[in-house]
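K.L.:
Given chain X's structure and the hints, the job is docking chain Y onto it.
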Amino acid sequence: LAKTTQPISMDSYEGQEVNITCSHNNIATNDYITWYQQFPSQGPRFIIQGYKTKVTNEVASLFIPADRKSSTLSLPRVSLSDTAVYYCLVAQLDSNYQLIWGAGTKLIIKP
Amino acid sequence: KAGVTQTPRYLIKTRGQQVTLSCSPISGHRSVSWYQQTPGQGLQFLFEYFSETQRNKGNFPGRFSGRQFSNSRSEMNVSTLELGDSALYLCASSRGAEGGELFFGEGSRLTVL
Chain X
1 LAKTTQPISM
11 DSYEGQEVNI
21 TCSHNNIATN
31 DYITWYQQFP
41 SQGPRFIIQG
51 YKTKVTNEVA
61 SLFIPADRKS
71 STLSLPRVSL
81 SDTAVYYCLV
91 AQLDSNYQLI
101 WGAGTKLIIK
111 P
Chain Y
1001 KAGVTQTPRY
1011 LIKTRGQQVT
1021 LSCSPISGHR
1031 SVSWYQQTPG
1041 QGLQFLFEYF
1051 SETQRNKGNF
1061 PGRFSGRQFS
1071 NSRSEMNVST
1081 LELGDSALYL
1091 CASSRGAEGG
1101 ELFFGEGSRL
1111 TVL
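For the protein sequence lines, the chains are X and Y, in the order given. Its first residue numbered 1, the first sequence is counted upward by one per residue in my numbering. Its first residue numbered 1001, the second sequence is counted upward by one per residue in my numbering.
Calculated directly from the structure, the hints in this document are not laboratory data. Note that the structure is a prediction, hence the values are computed from the model and not measured. Treat the hints with care, since some could be wrong.
As the list claims (entries may be wrong) - Example chain Y residues on the side facing chain X (calculated, C-beta under 8 Å, incomplete): (1) N1056; (2) G1062; (3) L1102; (4) E1106.
As the list claims (entries may be wrong) - Subject to a maximum C-alpha distance of 27 Å in a straight line, what follows is the list of computed BS3-like cross-link-like pairs (lysine-lysine): (5) X/K3 / Y/K1057; (6) X/K69 / Y/K1013; (7) X/K106 / X/K3.
Positions of the beta carbon are idealized from the N, C-alpha and C atoms, including for glycine.
Chain X on its own, in the form it takes in the complex:
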């Protein structure tokens, strides 16, 4: 099974770009990588999902190198409201749909 590792916490400032990296060894060919955002006392919310290379949506980008052993969530021009916990998830489709969650990165945005 894959194991996901991400930093426990990060700080940044409003208007900056923030990159959060998740390491996931033993990732299989068909596994998907997804990132979620969670605010206190709420359920996590989907941010972005990818399989390889780069994916971009209206709120974030996801970079996945060719070896797929890591992925980087990029948040452009963060604001105070981006202060939250960010989780990476590897969905292992060939292992009876195992869901491997990272421990979460607490991102604090300062003014």
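P.N.:
Below, chain Y alone, put in the same frame as chain X:
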């Protein structure tokens, strides 16, 4: 469309009691997964059901159990409650295949006294 609904939202129990939590997934979703989250901690995976079958289980004692009905609604049960079971219990639904997006409910906050 309606989101994932969890009931009850809040409940208080005493040690030794049991509790049942309910999760209604988004219409058409066949997978429901459950998580325990204690203050300041990450998501601890409990189990996942797909089409009424438990596909995966996390490292929790047998006091934690679950089931899924034919309409995809799911319940989880915790027997012989302990103080350490106080937590936010989240469920998430998805189509259950191709690594699709998980949609989370707002959770059931359990306090064990």
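K.L.:
Hint by hint, note whether the structure agrees.
P.N.:
Structure-based check of each hint:
1. With a cut of 8 Å, the hint placing Y/N1056 at the interface with chain X holds, because the nearest CB-to-CB distance is about 6 Å.
2. Here the hint on Y/G1062 is broken, as its CB sits about 20 Å from the closest CB of chain X, past 8 Å.
3. A distance limit of 8 Å between C-beta atoms decides the matter here; for Y/L1102 the minimum to chain X is near 7 Å, and the interface restraint holds.
4. Here the hint on Y/E1106 is kept, as its CB sits about 6 Å from the closest CB of chain X, short of 8 Å.
5. As the CA atoms of X/K3 and Y/K1057 are separated by approximately 16 Å, the hinted pair is consistent with the 27 Å bound.
6. For the given pair, X/K69 sits about 43 Å from Y/K1013 by alpha-carbon distance, which is inconsistent with the 27 Å threshold.
7. Pair hint X/K106 plus X/K3 holds up; C-alpha atoms about 19 Å apart against a cutoff of 27 Å.
Hint compliance for this structure: hints 2 and 6 are broken, all remaining hints hold.
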